[in-house]
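S.K.: The lines below spell out each chain.
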Amino acid sequence: MRRDDLIQQLAQVATHLPPVLPPASSLEQVSALCTTARLAFGAAAVSVAALRDTTLHYLAAAGEGAAEVVGMDLPVSRGLAGYVAMTGQMLAVDSAADDPRFAQDVAERTGYLPTSLLIVPVRDQRGDVAGVLSVLDRTLASADALVLASSFAAQLSLLLPGIDEVGRMARLLLQAMGDAVSAGDAQLGTALRRSLATLPEADAELSRIAATLGELRAADPVTRARVGALLTEIVALATPKRRR
Amino acid sequence: MTDFLPAWSEPFHGTSLGAAPHLDLPGRITREWAYGDGSGRGVKVGVLDSGVEDGHPLVGRVDRAIAVERDTDAENGIRFIDAPHDDLYGHGTACAGVIRALAPEVEIVSVRVLSVNLKGSAFVFAHGLEWCIDNGLHVLNLSLSTGNEDFAETFWELLDHAAFKRVMLVSAMNNEPKRSIPSEFAGVFSVACAPGTDRERLWYNPNGPAEWGAAGIDVDVPWSGGGTINASGNSFAAPVIAGHLARILGAHPGIAPWQARTILAALAENGSALD
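Keeping their order, the protein sequence lines are chains A and B.
Going letter by letter, the first sequence gives residues 1 to 244 in our numbering.
Going letter by letter, the second sequence gives residues 1 to 275 in our numbering.
What the hints contain is simulated information worked out from the structure, not anything from laboratory work.
Heads up, a few of these hints could be off.
Facing chain A, from chain B, some residues (calculated, C-beta under 8 angstroms) [stated by the list, open to error]:
| hint | residue |
| --- | --- |
| 1 | 177 |
| 2 | 178 |
| 3 | 229 |
| 4 | 233 |
| 5 | 266 |
If you're wondering where the values come from, they're calculated on a predicted model, not measured in any experiment.
Using N, Cα and C, we set each Cβ at its ideal position, and we do this for glycine too.
Chain A extracted, bound-state conformation (with noise of 0.2 angstroms):
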């Protein structure tokens, strides 16, 4: 085989493999912080959501809607949580069904409307923007709030960009072989910078599709067996062109 060739079917391995393996640990933190976070506020409910371009996406949740609000997408020009993530300002709101900002429609999907809300912005180590946390009708006072929000945002900080990151692992993957070699082998060194400026995105319906499997780590052999099975029929069933 050319090493040329080689090299695409490694860079297109390094593409898809990351969203069929998402970073359990990392998902599985925020996740539990979420339940941390929750009972520390004395919340109804609490949500973390990565920023990705123009759009949230709902990592992990815990409490009221959450099975509904994990794995939903919500452009940032729409409701309170898009507001912080779009100004990096956190935001305490008392009555927000009185918020104009408010995405009454979104709560209502979810099943539980908030009255008051606490958001604080995630940041990477840049200073960007890479997330939210969300706090719904918390008891806890408001100035121990604030305190306590930004102490598990800074948390958030550390876990959140890593997340992405291994999205986009056959970049990072190709981009160090390249700088590695070509001091040594310059050729070789333009044949893994030539496939990293031809790779294609991630596929993000695969990753989010591949998260919502992640799941099933909790789950006993034989579900998984049987989830298994079903899904292969699923499969069958979505790509009948390819069975015949």
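Use these hints to put chain B onto chain A, whose structure you have.
M.R.: This is chain B only, laid out in the frame that chain A set:
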């Protein structure tokens, strides 16, 4: 004697120079002298933002609305739509409302350069700013900035252009600790949040890069749909300074940015003006 004049010397040889901007300082500056009737009458204020809601109870009339958009068919890649428009988010309405509250008789010109998610390109922003400078506006509120280094020189040139046209640029510092163009340039009145919610108070910081401080934390501002919100951010502090400048320009039309700075610094909480 020689007839040869070094470049740029012509204005000082002949009759084209005109009078220097007139500003008789009254000794110690007083608020009454600085603001006159405080109406901002005759002052055109541009709000470069997401649009401004015409007729909002706390904003009133929008005198002109220009939407700046990319146009790949146009020669320079840009088009200006001179027609009434909506505020795509509410942010521009908030800024316009703060200015209107401080200087009730200013003319407000909405220059829409941001989209529904408060994003915009530095290219569109720069063209919007150039339009304002070339179209006789006096004070510009820029509650936005870009981190795009490629446009730093473009904004420097626009700032110099504005200075010699005596256009006051008021620019909010970014809410995040990162590059903030043109807010961090000395040619603008750069603004960040000071304590409290009283918009009559302002502070001067000679050390920069946030040169002016004004109320912007937990402040009530108008929003799209005729209502208000409570919000925080440097975006809402900048129009306070724009409003004060509009009052000053209403009382002292034609003054240069450096003269306006002198008056504004005297009016600051840490300044020397008399009540």
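S.K.: Against this structure, judge whether each hint is valid.
M.R.: Against the structure, the hints:
Taken as an interface hint, residue 177 of chain B checks out: its beta carbon lies about 5 angstroms from the nearest beta carbon of chain A, inside 8 angstroms. The closest approach between the C-beta of residue 178 of chain B and any C-beta of chain A is roughly 5 angstroms, which is under the 8 angstroms cut-off, so the hint is satisfied. Given hint, residue 229 of chain B at the interface with chain A, holds; its Cβ is 6 angstroms from that chain's nearest Cβ, closer than 8 angstroms. At about 5 angstroms, the closest approach between the beta carbon of residue 233 of chain B and any beta carbon in chain A falls short of 8 angstroms, and the interface hint on this residue holds.
The beta carbon of residue 266 of chain B is not positioned within 8 angstroms of any beta carbon in chain A (closest approach about 31 angstroms), and the interface hint is therefore violated.
In this structure, the one hint that does not hold is number 5.
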